[in-house]
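Undergrad: Sequence:
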Amino acid sequence: MANTGQQATVKLIADGILTQRSNQILPVFRGLDDVSVQAKEIADIVEVTAPTFSKWRSGRVKVPECKLVLLTLLLAHWMDEMETLRSVQGLASNPRFLARLKATRRCLYQQETINQSLPPETVREGSHLFREWWFRKGSQNSISPKMAS
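Quick note on the working numbering: the sequence shown kicks off at 3 and runs consecutively.
Keep in mind the hints are simulated off the structure, nothing from the lab.
What you were told as hints is all true, and nothing was included just to trick you.
Calculated cross-link-like contacts (lysine to any residue; reagent style SDA-like; alpha-carbon spacing at most 25 Å):
1) K42 / R138
2) K69 / V125
3) K64 / A105
4) K69 / Q118
Okay, the calculated beta carbon distance ranges per label pair:
5) T115 / W136: 18 to 26 Å
6) E134 / T86: 16 to 24 Å
7) L120 / H79: 16 to 24 Å
8) E134 / D35: 19 to 27 Å
9) T86 / P53: 29 to 37 Å
10) V90 / V63: 35 to 43 Å
11) V63 / Q40: 16 to 24 Å
12) S119 / V90: 29 to 37 Å
13) K42 / W136: 13 to 21 Å
14) Q118 / E85: 20 to 28 Å
15) S95 / T54: 35 to 43 Å
16) P53 / S89: 35 to 43 Å
Glycine included, each C-beta is placed from N, C-alpha and C at the ideal position.
Please put together the full structure from these sequences, using the hints given.
TA: Have a look at this one:
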């Protein structure tokens with residue numbers, strides 16, 4: 003596979019050459035923008051204030067690694083919902099929706115690549131946080147219609 007510019011950027015981020023301190027926006031935040039979930043809602047899920055979430059999103063403050071895993075799993079969950087909407091609501095031929103889906107997939111892939119360098123205990127902790135959210139609220143809120151717009 004040819005090394006694209008995106009792959010090179012992901013490798014630089016994973017190798018620690020580009021860090022959040024250089025105000026690089028993590029791919030997970032671009033992906034979360036694509037799925038149209040409100041920042042306040044995401045902040046509530048990860049149990050931080052909206053200003054803290056905003057600082058994470060802008061790269062001004064480092065995201066705790068377990069919360070980064072949680073955000074990645076949330077993105078993957080909402081990605082699955084977008085895929086379901088694609089088939090259920092007949093959006094398979096909508097060019098705008100397909101472009102959003104492709105961009106979100108790319109962000110998820112990039113973030114998962116970055117997360118591979120995290121310690122296993124951090125990944126477990128983030129996974130545990132996701133499961134807690136899922137059993138508490140996530141399964142009740144499946145298939146958000148706002149994602150179809």
